[in-house]
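Put together the whole structure using the sequences plus the hints.
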Amino acid sequence: MSPNATLYLALAFYAAGTIVALATLFARGRHAQHAGLALMIGGWVSHTIWIGTICARTGHPPLTNLPEAASFVAWTVFLAELVLFIRYRVHAASFFVYPLVLMLLTISAVVREPFAQMDPSLRSGLFTTHVLLSTVGVAALLVGLAFSTLAFVQDRALKSKHRGALWEWIPSLNVCRTLSYRTLAVGFSIYTLGILAGILWSYRTTSELIDLRVKQIGGVVAWILFAILLQSYISGVYRGPRTAVISACAFVATVIAILGIHRV
Amino acid sequence: MALILVGLNHRTAPIDVRERLSIADAQLPVMLTELKAIGGIDGASLLSTCNRVEAIVSASNEDVIDSIVKWLSERSGAHRTSLEKHLYVLRYEDVIKHLFRVASGLDSMVVGEPQIGGQVRAAFLIAQRCGSLDSLLERLFEGTMRVAKRVRTDTGIGEHAVSVPYAAVELARKIFGDLRGLQALLLGAGEIGELTAEHLNGFGLRQIFVANRSHESAQQLASRFNGQAIYFEGIDPYLATCDIVIASTAAPHYLIEPPQIERALAARRMRTLFLIDLSVPRNINPDVAKIDGAYLYNIDDLQQVADSNRELRREKAEKAETIVAREVENFRHRLVAQDAVPTILELQQRLESIRTAELEKTLRKLGPITAEQRESIEMLTTQMVNKILHYPILRLKDSEPHERESLRETIRKIFGLR
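So the sequence lines, in the order shown, correspond to chains E and F. For the first sequence, our numbering gives the first residue as 1, with consecutive numbering after it. For the second sequence, our numbering gives the first residue as 1, with consecutive numbering after it.
Don't take each hint at face value.
As the list claims (entries may be wrong) - The list that follows gives simulated cross-link-like pairs (lysine-lysine, DSSO-like), each with its CA atoms no further than 30 angstroms apart:
hint : chain 1 : residue 1 : chain 2 : residue 2
1    : F       : K174      : F       : K319
2    : F       : K290      : E       : K159
3    : F       : K290      : E       : K161
4    : F       : K365      : F       : K149
5    : F       : K397      : E       : K159
6    : F       : K174      : E       : K161
7    : F       : K85       : F       : K97
Claimed, not checked - Which stretches of chain E does chain F cover? Using the computed rule of at least three CB atoms under 8 angstroms from a CB of chain F, they are:
hint : segment
8    : 156-170
9    : 221-227
Said to hold, decoys possible - What the simulated footprint calls covered on chain F by chain E, stretch by stretch (three residues with Cβ under 8 angstroms from a Cβ of chain E suffice, anywhere in the stretch; the number is not a length):
hint : segment
10   : 168-174
11   : 295-301
Don't read these hints as lab results, they were simulated from the structure. Remember, it's a predicted structure, so these values are computed and weren't measured experimentally. Just so you know, even glycine gets a beta-carbon here, dropped at the ideal spot from N, CA and C.
Here it is in structure tokens:
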């Protein structure tokens, strides 16, 4: 069997799960919700097997090029969403998270790069720490953005006194903001540690703190924007369109940082 | 077996007739005993709410209808003829459908209202405790509660408030989620404001502060909510600590202006403020709605929410009717299959006993035969019996309710079952 068979299977499951989840916007039903989630979990299991296969073949985590990194971020994002779903039962975040997972894995499937052997100089604990912390941090930040979007949609609906299509699905404004704040705070802390580990690793291997490639610039810009977002939560000015613009920019910067990963 | 419902509701009877028939919970056990004592009734239950009184019974035949009507007219003290014009009588499948619709809130005065589900459940539990239910009614009530739950979960028909006070509660929950631990400030002693505060308080508010021009009235009102009366002039600090503000005074001018809310929100940091202005003329400057973190709804906004919810419920009711229709069909089929089981078992036992008796006789006549020969004869006779039973069993399982009883009787007569 082709090593990519499980990747395509995961992609098919994610696509089906996303379609079913989005369909529940129009036809409410607990069964449909559960079916969407079950399909996504099926995809995630298949995805896990694919990641395991790459690890076994190359002997290192699948983070050496864009397809692998995008896939690993997608895997972590869904895991974070699943954990939050189990804890808080908020279905609405799936409207944003599932398409994001699907998009990231589609990048993995479409951008073809051979399985890379890692440069021996990169085989260090610090590098692995940098990559793992950055990925987990980014995943949490992306899920936090999904909740932030839900909070924004809910805020606009309450202000305008017009319900949108998501009104019934979105939990209370308070829940959305709390979950968004918590995931952003946790994600930001982990992401910061990941960046610090990356800077340290870069300094040890190249004697430079940072170079100016797309992923580094995107990563640092995203970090700054997330810091502003978090600050607006903490200072209590988290309201209105300004926050939405910062969130959108942070999302774009994060995606650019992910797409900027070619080969480490 | 006949399944019968005799009753009246808000559509068929005026309140003075309904109140005469209405049965208090404490009286239900006695009433159930009386109802079940009517000859021919196997199982009985009573559903009595402010909008309906219904007797649901399973009986050996439909002759009991007359006795039930007589019992109801005696209870109400009304002339039978005058009561009869308000009564409806439903049979079998219509009873199942009616009960499913009632428990789902589809037959309520306010479509989708959630209380009726609990009332049907209570009626079931009381009848169960009194031992007045037979297996048919047990299954019917269990099925009813399952369907009601499914309708509410799948359509969300009861989730939207259709009155102004409840619309305010719905919005408060949409903003804060859990209302427990929140504080509210009630300005004025207007009736609708008081009602709104009462509904909100029902969701576990920590404290309600009441401010009124007359401090004495404020104290009286506050005591109703276990709240605290405050002076009207000193409300500003409370705007910073309270999460919900309800204004319902007769003041002809604004009592709350944007700068007050800006100051309050600055002190509240991330916490939002929900302002409900139920007064006409309005007591809260509408410009407050432009401030981030403040959500202002006046009486028209809330009325609009309630109206659009009513429309939403109507749309959801259509979907709910489809679910009910499907569930009625499923339930009916399960009932038919379960009802047929004893007859099918008896029939199988009867033919099996004939087969074994005849087989033994034949084997005795035949004399010694090999084990293989005996097995062949056994197989042949078993297959013959199974083939003979195939169509009667199939017909019994698939029969329509109205023909099932006669079919069962026919089969019992033909095959000489007890």
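Hint-by-hint comparison with the structure:
no., hint, verdict
1, F:K174 - F:K319, "holds (24 angstroms)"
2, F:K290 - E:K159, "holds (8 angstroms)"
3, F:K290 - E:K161, "holds (12 angstroms)"
4, F:K365 - F:K149, "violated (64 angstroms)"
5, F:K397 - E:K159, "violated (58 angstroms)"
6, F:K174 - E:K161, "holds (12 angstroms)"
7, F:K85 - F:K97, "holds (22 angstroms)"
8, 156-170, "holds (count 5)"
9, 221-227, "violated (count 0)"
10, 168-174, "holds (count 3)"
11, 295-301, "holds (count 3)"
Comparing the model with each numbered hint stated earlier shows that hints 4, 5, 9 do not hold.
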